[in-house]
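Heads up: the sequence lines are chains A and B, in that order. Residue 1 is where the first sequence starts when you use our numbering, and the numbers rise one by one after that. Residue 1 is where the second sequence starts when you use our numbering, and the numbers rise one by one after that.
Fair warning: there could be bad hints in the mix.
[Said to hold, decoys possible] DEER-style ranges, computed between Cβ atoms:
id, chain 1, residue 1, chain 2, residue 2, range
1, A, Phe3, B, Tyr188, 17 to 25 Å
2, B, Glu347, A, Pro217, 48 to 56 Å
3, A, Lys4, B, Glu272, 45 to 53 Å
4, B, Ile261, A, Thr132, 32 to 40 Å
5, A, Gln446, B, Leu126, 57 to 65 Å
6, A, Arg10, B, Phe34, 25 to 33 Å
7, B, Ile261, A, Ser277, 53 to 61 Å
8, A, Arg10, B, Leu126, 43 to 51 Å
By construction, these hints were calculated from the structure, which means they are not laboratory data. It should be emphasised that the depicted structure is a prediction, and the values quoted were computed from it without experimental measurement. The beta carbon of each residue, even a glycine, is placed where N, CA and C say it ideally should be.
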Amino acid sequence: MKFKGGYNIRLSNRPSSEVTVSPETNTLYLPLKSRRFHFSEVHVQEGDRVQPGSVVAVDPENFGVPLLAPRAGTVSLDAAEDHIVIRNVSGEPDVEIVLDEQDHAPETVHNGEMRQKLLRLGAWQFFADAHTGALPDPFGKPRGVIVSTVQFEPFIARGSVELARRMDQFARGLEHLQRMLDYQLINVVIPETESDLGGRLREKLKGYAAIKIVLVPLRYPFDNPALIARRVGLAYDPDQPVWAIPAAGVLAIDRALTLSKPSTVRLITLGGPGVESPCHVKTIPGYPLKKLISGHETAENVRILNGGALTGDLVGSDQLGLDTECRGLTFIPETKQRELLSFMRPGTRRATYSNCFLSSILPVIPLFNTCMGGERRACISCGFCEEVCPAGIMPHYIHKLLYRDALEEAEAARMDLCVGCGLCSYVCPSKIELRSQILDARRRFQIELAEEVQ
Amino acid sequence: MKMLLETFERYRPLFTEGKFKTFKPLYEATEGFFFSHNATTADLPHVRDALDLKRFMILVVAGLAPALLVGLHFFGLRVLAMIAVSYAVGGTIEVLFAMARREEINEGFLVTGLIFPLVLPPMLPLWMVGVGVAFGVIVGKELFGGTGRNLFNPALVGRCFLAIGYPAAMSASWIKPGEGTTGRFFEYVSTNMPDAITSATPLALAKQGSLADISHLFWGNTAGSVGETSAIAVILGGVLLVATRVANWRIVLGTLGSFAILNVILHAASPETFAPTVWNLFAGGLLFGAFFMATDPATSPVTNSGKWVYAAIIGVSTLLIRSMTGYVEGVMFAILLGNIAAPLIDEVAFRVRFRRLKNEG
Chain A
1 MKFKGGYNIR LSNRPSSEVT VSPETNTLYL PLKSRRFHFS EVHVQEGDRV QPGSVVAVDP
61 ENFGVPLLAP RAGTVSLDAA EDHIVIRNVS GEPDVEIVLD EQDHAPETVH NGEMRQKLLR
121 LGAWQFFADA HTGALPDPFG KPRGVIVSTV QFEPFIARGS VELARRMDQF ARGLEHLQRM
181 LDYQLINVVI PETESDLGGR LREKLKGYAA IKIVLVPLRY PFDNPALIAR RVGLAYDPDQ
241 PVWAIPAAGV LAIDRALTLS KPSTVRLITL GGPGVESPCH VKTIPGYPLK KLISGHETAE
301 NVRILNGGAL TGDLVGSDQL GLDTECRGLT FIPETKQREL LSFMRPGTRR ATYSNCFLSS
361 ILPVIPLFNT CMGGERRACI SCGFCEEVCP AGIMPHYIHK LLYRDALEEA EAARMDLCVG
421 CGLCSYVCPS KIELRSQILD ARRRFQIELA EEVQ
Chain B
1 MKMLLETFER YRPLFTEGKF KTFKPLYEAT EGFFFSHNAT TADLPHVRDA LDLKRFMILV
61 VAGLAPALLV GLHFFGLRVL AMIAVSYAVG GTIEVLFAMA RREEINEGFL VTGLIFPLVL
121 PPMLPLWMVG VGVAFGVIVG KELFGGTGRN LFNPALVGRC FLAIGYPAAM SASWIKPGEG
181 TTGRFFEYVS TNMPDAITSA TPLALAKQGS LADISHLFWG NTAGSVGETS AIAVILGGVL
241 LVATRVANWR IVLGTLGSFA ILNVILHAAS PETFAPTVWN LFAGGLLFGA FFMATDPATS
301 PVTNSGKWVY AAIIGVSTLL IRSMTGYVEG VMFAILLGNI AAPLIDEVAF RVRFRRLKNE
361 G
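So here's chain A without its partners, still in its complex pose:
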């Protein structure tokens, strides 16, 4: 499988490689919900004093993955809904954790103690199933492992910044991982460029026996773990998960297994056209969002996304602090302007995949906002969605099948291969919600399939 399709959206205000550290704060608001986790089982009580690395809550539906207190402080459970508030926060971020008697791994599991440590010290939550994105079983055996050092979606923390001066820790983390998996082959995804990260990583990992280097072109979404998995021959099998670990995850493995320290620091980005001085920020989960954003915002009406501009979640007004899975905040201006005869204008600053505006030939940075850009129309079979699709399917064809509810035929057209990158919806001139339609149809098909089996 070669890399086909894909497209880099030229979103402005790419976060610079400069890393600022968020100033100390007195209060932390730890959200109990993040993208994959719902830490419903709270393990502390009102007024408890916690230490850095203490488990304040667990997610019982996700193998008991814990929510760790990033700093010492006093717990308040009722101050904010769906948040654990920690007051009187004090410093001391670095604490070594010794596993006590109740933290036992199942005895039959190979290298169980290592895995238990990863779970308890907050390293396991970086792991994901390459195909489904779900959290894999910490005590299971993966069919394959993919470590990714790249991140192409605008804008999320980039691997090159994560690994900037931590190459040794990264290599150590990989060694731990290899040992834990009995030297099963680990695929490490590296950008194709010769300079900087790509070259240095290749140098560093040259001698390792069980590491396979996978080179990817610098185009979104070729960092997607499902696409990489298919490329290295690890197709989707619901019974045999493929593990996907970002660079931050390998660094967390190193922290946990070499130093027995919890990973409670996060590197995130503040980026996008709606924010001034976009940069990487070293911060902690629970950091108050208002404080993080203050002094950075530009336009008054800005949409804040937890994640990238294509697949990020909307940050609701009820979220007070950074959630534990956050990897970047993207700011996109909302617009309420209605332009006269907009479609006849030359369009020197409009972002487009086609060549239909002057911006295609002028060396300008296009202006982005959350405007749909047009009205919903019928599919005209322009073929742009098929051109950008990285999974090799034909979104327009599937759309027409779904229009008459032909779920089986859509399945035969391989709608299961969709990785949800969102490029088809981005590019469609008829403003059809292709991504939502395809993912929705997939869900309905699975439900129907399950019902038939019963």
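Following the hints, put chain B in place on chain A, whose structure we already have.
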């Protein structure tokens, strides 16, 4: 401008829930024409491409502009009358269908309404233009479900109807091109100007054995359909469309290429039946058809490999119909043949694609 926006806003309730609810599509189309919508994204992804269908269609209109201007120059103001009738009649039918379906009016008609007069003889009675466009829009588009769902090119369906229904008028409505720097720009050619009427289109003459000067074909001062006479005007507009990716280059290259290759071979074999290649490329509506009509995305195959096959069918059919049948021009039928074959071509290409996808992930 603000006043205009406020006026629209003031009448909005009247057209959405009030007395004129049935005219909602017309109101929305007018409002949407003047002012861009500011709806923001609700589903992922949060940002979208700036291209929309209005822009897509207006670019096709821009691509047709050179051919239109040249047509005005050579054939006079009557062309404007034909365009007016085409938009008025076709537009009314579009609005009626949209009102009956309670859907929005699609922008596709901006293009169809302009292309249709450009493929007709300049002296065609205006009522025939109206009937033709009505047939084309109803049978060629609306009966199949509207823009994007049509099987045939609506302008060609209309023209085909006129060619078969009114063959005498269609073959006797050519006029001599205007001369001088302004040509017929300020002239309205009417039926009481018999000197202007001619039947000598280059292809008709070629059938009788005399070839018009190729420079006339290049610049356009020959008789012919309104928009097709000038090769340079069509090429300029067509290249704009191919550069902006509105028209697929494969179809253009495939049509002209297959036509040319077959023509070279056949002309060498039998020069009395087949005109010389470059001459044949410039004559008639081949260039116009290749750039503007064959490339219609809704009626051409969706797959890239399919597009080559489709283009080859059109190129080959055009040459054969032109040279070996009683018709002088074959592009119209060739494109319709291609339209018929397009879904089948796609089916085959899909089968190949799915077989490849089966071994994937």
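Status of the given 25 to 33 Å range, CB of Phe34/B versus CB of Arg10/A
For Arg10/A and Phe34/B the Cβ distance comes to about 29 Å; the hint holds.
Leu126/B and Arg10/A - C-beta distance against the hinted 43 to 51 Å:
49 Å, holds
A range of 53 to 61 Å was offered for this pair. Does it hold for the Cβ distance of Ile261/B and Ser277/A?
60 Å, holds
Please check whether Glu347/B and Pro217/A have a Cβ separation lying inside 48 to 56 Å.
This hint is violated: roughly 33 Å between Cβ atoms.
Is it true that the C-beta distance of Gln446/A to Leu126/B lies inside 57 to 65 Å, as the hint says?
59 Å Cβ-Cβ, so the 57 to 65 Å window holds.
So does Lys4/A sit 45 to 53 Å from Glu272/B, Cβ to Cβ?
49 Å Cβ-Cβ, so the 45 to 53 Å window holds.
Look at the Cβ atoms of Phe3/A and Tyr188/B and judge whether their distance stays inside 17 to 25 Å.
Roughly 60 Å apart at Cβ, these two residues miss the hinted range, so it is violated.
Verify the CB-CB distance for Ile261/B and Thr132/A against the hinted window 32 to 40 Å.
Between Ile261/B and Thr132/A, where Cβ atoms are some 51 Å apart, the hint is violated.
In terms of the numbered hints stated before, the structure departs from hints 1, 2, 4, listed from lowest to highest.
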